[in-house]
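K.L.:
The listed protein sequences correspond, in order, to chains A and B. Mapping the first sequence onto numbering that gives the first Met the number 0, position 340 (from 1) lands on 339, and the numbers just tick up by one. Mapping the second sequence onto numbering that gives the first Met the number 0, position 232 (from 1) lands on 231, and the numbers just tick up by one.
You can take every hint at face value.
Calculated Cβ distances over 12 Å to all of chain B for the following chain A residues: (1) 36; (2) 81; (3) 159; (4) 166; (5) 347; (6) 419.
Which bits of chain B does chain A cover? Going by a derived footprint, with three or more residues having C-beta under 8 Å, they are: (7) 122-135; (8) 146-158; (9) 213-221.
Think of the hints as simulated: they come from the structure by calculation, not from any bench. From the three backbone atoms N, C-alpha and C, an ideal C-beta is built for every residue, glycine too.
As a plain string of letters, each chain reads:
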Amino acid sequence: MKGHLQIKNARVIDPTNKTIDSYDVFIVKGKIAALGNKPEGFDAERTLDASGLSLIPGMVDLCARLREPGAVHKADIASECRAASAGGVTTLCCPPDTDPVIDEPAVIELIHHKAKIAARTKVLVLGALSHGLKGERLSEMWALQNAGCIGVSNARAPVINTQVLRRAYSYAANNGLTVFIEPDDHWLSMQGCAHDGPVATRLGLQGIPVSAETIALSRSLELIAETGVRAHFGRLSCAHSVELIRRAKQEGMNISADVSAHQLHLSENDISSFNSAFHVLPPLRSMRDMTALRLGVADGTIDIICSDHQPHDADSKQQPFPSAAPGISALDTLLPLVLALVDEGELELHTAVRALTSNPANTLNSAAGTLTIGAAADLCLYENNIDWQLDENNMHSRGKNSPFIGWNFRNRVKHTIINGTLIYSASQ
Amino acid sequence: MVNKPSKASLLAQDAWNIQLDARGRLKHFLTIEGLGSEILNTILDTAESFANINEQSVKKVPLLRGKTIVNLFFEASTRTRTTFELAAKRLSADVLNINISTSATSKGETLLDTLRNIQAMQCDMFIVRHNDSGAAHHIANHVSPRISVINAGDGRHAHPTQAMLDMFTIRRSKGHDFGRLRVAIVGDLLHSRVARSQIHALNTLNTGEVRVIGPKTLIPAGIEDMGVTVYNDMATGIKDADVVIMLRLQKERMLGALLPSEQEFYTMYGLTREKLKLAKADAIVMHPGPINRGVEIESAVADGPQSVILKQVTYGIAVRMAVMSMVLGREPDSENDSDGEAQT
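For reference, chain B alone in the conformation it holds in the complex (with noise of 0.2 Å):
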C-alpha cells in the first residue's frame, strides 16, 4: 500500500496557497482560482476609492514610495504594461520594464536565471506575463520571498488583473448584488485566459448565471466544470443577458483550421446591434482590448451607448492600484516576508 502524497499533497496546497501570506492576505495575486468573495471584494472596495483619486487633478498618492516594480514582460503587450505603469507611478513606486522576449531568454539564459539577475537589484514586485500557462506561479515559487509576483497574463490560464477590472466595470453599473446578473462570455473561450479568470471571479462573486457561447471548435473539453452553461448557439445564448462579454479572436486561429473566415464567424457569433438586441434592453457590453471591428464586434456596438470598453481601460488603473497597494502596503509579517534570501 503506498501512503498517499504525505508530503505531495502539502505541496498541492501549497502552489495553491501561495498567493496568501501566514495572515492570509494578498501576497501574490497569480489566479482568481482559490480566493474568497472576501479578498475580491476587498480589490473592488480599494480600487473605488482609487478611482476617485484617479478623477482628481492631482493622481497620485505616496503610498509605495521607495517600493521598486519591475515590469517583467515576456510577451509583447502595450495596454496591460502601459496601466500597469501608470497605476505604480500613481503609488509613487519606481518603475522598471524589461521586455525579455527581445533579451536574455534568446540568448540561452535559463527563466530562473533571468529572475535571479533582476531580483539582485533589490526590487519588491514583479509585473509578468509569459506565454506558459503556469509561468507566474513557476516564478512564485522561485524568487526570493521578499518578492510579490502579480500575474499579468500566463498563456490560456490566467489573468486575473483583468477579470478584477471587468468586475469592477460590473459592479459600477450593475451594482453590488451578482447574484441577480446573467452574464455572456462570447468567443474564443479556448484560446481566453482572460475568461478563464472572468468565470472564476463570477462564480466567486455568485454570479446568477454564467454562460459561454461560441463555435465547439472553440470552447475546451469540460468547461462546464468550472461553472458555466455552454451555448453554440449565440440568438440562445445572448438571451435576456445583462453583461455581454465579448474576447479577442486572434487571426492565426484560421490557420489552426478552428475557423474558415473571419466573415464567417461575424456572422455567426460578431455582435451586432441586432443580436444586442436579445440580451435586456439596459445590457452592458464589455471588451478587454484591443477590439477588431467587424470579426467580433460591430463598430456601432463598440461605440455605442451600450458599451463600456473605454470605462474597463480607466478603471484598470484603479484596480491595478488596489491590487499593488494591498499586496506591497502589508505591514511586514513574520518570517515569511522579512526573509530576504533567495529560496533557490
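One chain only, chain A, in its complex shape (with noise of 0.2 Å):
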C-alpha cells in the first residue's frame, strides 16, 4: 500500500527504552507504526533490507550554522540541509547570528521557506535574545515565538550589561521560552584565538582563560536561578565547566548542557602547526578538559552532543592562524566522532544515543529523537566495523573546513529516513 515501508532486520537501538534488538521496524504515511510485529493492513509498497546496519532515531543537532541569510559563499541552506541529511541528522537548530540577525518574523519565515523548500532535514530557529544581538535592547520575543522560533539565543554575541541580561532571561521565562547560551566573557575572550596555557605561549597566540567560559557561566546561573528561565548551556570547553553544572544539576536546577563532538577528541596539542583547521572558539582546551568533557557525557552532567557546524569558503581559513574564520565544518563526523567515544569504551552506546538524539530533543521541547509509535519516522541508519577515510571530496558539506581530514573512521551513515521517505543512501 502506499506510503508502506518495512525495514527489516536493523539493529535497532533505542535510546528510550535502552534496549538493543534486531527486529522489521513498520512505517505508515511517516509516522512509525510499529516495532517488531506487522501490524494489522500493512502491505509494503517498499522494503529496505538493513541487514548488518545499526537503526536509530535520526539525530537531533543543536548547533548549525547553514550560512544563510547572509554567507551565501560559504554555504546555503540546500546545500547544509543536505549534508545534514546525508550526515544522519534529520532535525536541527539554527543559532540566530545570521545576517541580517533572527531578530524578525521575515528571517525565520525566510529560513522556514528555504528548508522546505530543500525537502531535508528539518531546520529549527533561534530567535535573538537581544535586538540585534547587540545586547542593549530586548528583541520581539512573543512575535518571534509567534513566527515559530522555539528558544532565544545572543549566541557567542556579549550581552555585557547584566542588567540587559537579567531582564533579557526574565522576559523570555514569561513567555516559556527557552534560553540557549553560549557562556563567554566578552573581555576575557576578546582577541584570543587559543586555549591559555602553555601552547599558545609558544607559539605566541593570544589566550582565552578557563575563567572566560566559567565567569559567563556563573553569572547565567545566578540569573537563571533568579529569574528562573529554562536554559540550555551550550559549546561548553573546560573541565570546571561541567564540574558547575554537575553541582547546578545537583541543586535541581532546570538546565542542560552540551558539547560539540571535536572538543571530546582534539586538546590545545592540535594547534601546534598553526594549522587554521584547529581555529575553533570556544578554544580547543587541554587533555584534561577533554577528558572532563568526556566524563561529563558518560556521566549525563553534559545531556547532548552537537555538531557545531560551521562551514566556511576556503579563503576564510587560508590566513594565519588568529585571522583564520574560527569554526569547523562538522555535520560529516558528527556520527562517526561520537560513536568513535563507543568504540574506544569511552561512552556507552545508549548514552551516545541519547546525546544525540532524544536528549537534544527535549532541550528543543520537540517530539524528535525516538522510536515511539506515532512519531514521525525519522531514522538514522548507519554501518559499524567498516574503515573510511574522511577527505575533501567525501565531505557533504559544501564547507571543507574539517580538522579531520585525513582520519579513519568505523562507522558511517548509510541511509537517512525522514517522515518515511529515504532521503539519502550512502554510495558504495
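Hints given; two lone chains; assemble the complex.
P.N.:
The following block contains the structure:
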C-alpha cells in the first residue's frame, strides 16, 4: 500500500527504552506504525533490507550554522540541509547570528521557507535574545515565538550589561522560552584564539583563559536561578564548566548542557602547527579538559553532543591562524566521532545515542529523537566496523574546513529516512 | 575507534620540518624551535666569517649575485628592514622593499593573492614581517617551492634572526660554552617574539640557566614549559646573571591595564646601575632595540661599559648574511627546489 515502508532486520538501538534488538520497523504514512510485529493491514510498498545496519532515531543537532541568510558564498540552507541529511541529522537547530540577525519574523519565515524547499533535514530556529544581538534592547520575543522560533539566544555575541541580561532571561521566562547560552566573557576572550596555556604561549597566540567561560557561566546560573528561566548551556570547553553544571544540576536547577563533538577529540596540542582548521571558539583546551568533557557526557552531566557546524569557504581559512575564521565544518563527522568514543569504550552506546537524539529533542521541546509509535519516522541507519577515511571529496557540506580530514573512521551513515521517505543512501 | 591522524600527524610534522629541505639543510628560517644545535652553530660560524668581511673597507661579496630578495613588511619596521637590506646588498643580491600595510591588503586583496602577485615577479626569497603569529609558516606553506621565506617577526611568535644575532653577541663576549652561563630576560615576555626565539635558541645551545623576569601580568601562562625559571622579583632574578637581556616595553601596555605606569615599571623592573650590580661583575647587557631610556633601562647602563646593544646591531648584519647565504646558496636539491610551479 502507498506509504508503507518496512525496514528489515535492522539492529535497532532505542535510546528511550535502552534496548538493542534485531527486528523490523514498520512505517505508515511517514510515522512509525510498529516495531517488531507487522501491524494489521500493513502491506509494504517498499522494503529496505537493513541486515548488518544499526538503526537509531534521526539525530537532532542542537547547533548548526547554515550560512543563509548572509554568507551564501560559504554555504546555504539547501547545501547544508543536504549535508545534514547525509550525516544522519534529521532535525537541526540554527542559531540567530545570521546576517540579518534572526530578530524579526521575516528572517524566520525565510529560513523555514528555504528549508521546506530543500525538503530534507527539518530546521528549527533560535531567535535573538537581544535586538540585533547587540545586548542592549530586548528582542520582540513574542513575535519571534509566534513566527516559530523555539528558543532565544545571543549566540556568542556578548550581553555586557548584566541588567539587560537579567531582564532578557526574565522576559524569556515570561514567554515560556528556553534561553540557549554560549558562555563567554567578552573582555576575557577578546582577540583570543587559543586556550591560555603553554601551547598558546609557545606559539605566541593570544590566550583565552578558562575563566572566560566559567565566569559567564556562573553569571548566567545566578540569573537563571533568580528569574526561573529554562536554560541550556552550549559548547562547553572546560573541566571546571562541567563541574559547575554538575553542581547546579545537583541543586535541582532546570538546565541542560552540550558539548561539540570535536571538543571530545581534540586539544590545544593540535594547534601546534598553526593549522587554521583547528581554530575554533571556544578554543581547544588541555587534555585534562577534554577528559573531563568526556566524563561529563558519560555521567550525564552533559546531556547533548552537537556538531557546532560552521562551514567556511577556502579563503576564510587560508589565513594566518589568528586571522582565519574560527569554526569547523562538522555535520559529516558528528556520528563517526561520537561512535568512535563508544568503540574506544569511553561512552556507553545508549548514552551516546541519547546525546544525539532524545536529549537534544527534549531541550528543544521537540517530539523528534525517539522510536515511539506514532512519532515521525525520522531514522538514521549506519554501518559499523567498516574502514573509511574522510577527505574533501567525500564531505557533503559545502565547507571543507575539517581538521579531521585524513582521519580513519569505523562508522558511517548508510541511509537517512525523514517522515518515512528515504532521503539519503550512501553510495558504496 | 578512530584511527588517529594518519595524514593529519604527517601534516603537523611537515609544518615543523618545512624549514628544512630533503637533505636537512635550511630552506626557510621561520622559528628556532625544532632546529638542532648543529644548524644554529653553523649559522653562528658562518656569521663569524661575514663579521670579518664587514670590518674590511670593501664589504661586498658576490655570493648571491643575480638573486632577488623581497622585503615583505606587513608591519612597520626601520631597523630590522634596514639590516636585512644591507645584508642582502653586501651579498650582491637585488633587493626590493614592499610595505604592505599601506598598500594591497587594505584594498581588500587577500594575503595569498598579494603573495602570488609578488612571486610572479620571479624572486628567490621573501623576508616577512607580519603582525599575526604563524604568518611566516602560513606564507612558507603557500609560496612557490622555489621561494625561501625568512621570518623577520610574526606577531608574538618568533623573530629567529634577532635571536641568532643575540646568540652571536653572547658567544663573542662569553665564549662558546653556553653551559656555564646564566641568562636573564627581563620585561614584557607576554608580547615578545624576540624572547620566545631567544629562549628556544638558548636552550638549544644548552645554556646553563634561562630566567625570565617580569610582573605576573606580562609573563604568559605556562612559559615554564619552554624551559625557563620565572622570577617576579627583579633583584632575585638578576642575581649572578652573566647576561641580562632587557625587552622593549610598548607604551600601549598601560592602556590594557597590564601595568599602572611607566614609572612604576621602571622602579620595579628597569635596569639601573644599582640593580645591575646584583648580576655578575662582568655581566653584559643586551636589548633588541629600540630602547626606551628611563622605562626599561637607565641611560648610564645603556651607554655604559657592560652594554653590548650597539654591537648587537652590527652583528645583526653578519648573522642575516649568514642565514641568507645558507638558505639561498644551497646547491639545487632534488624535485623540491627545482620545481617552479606554485603549489597553491
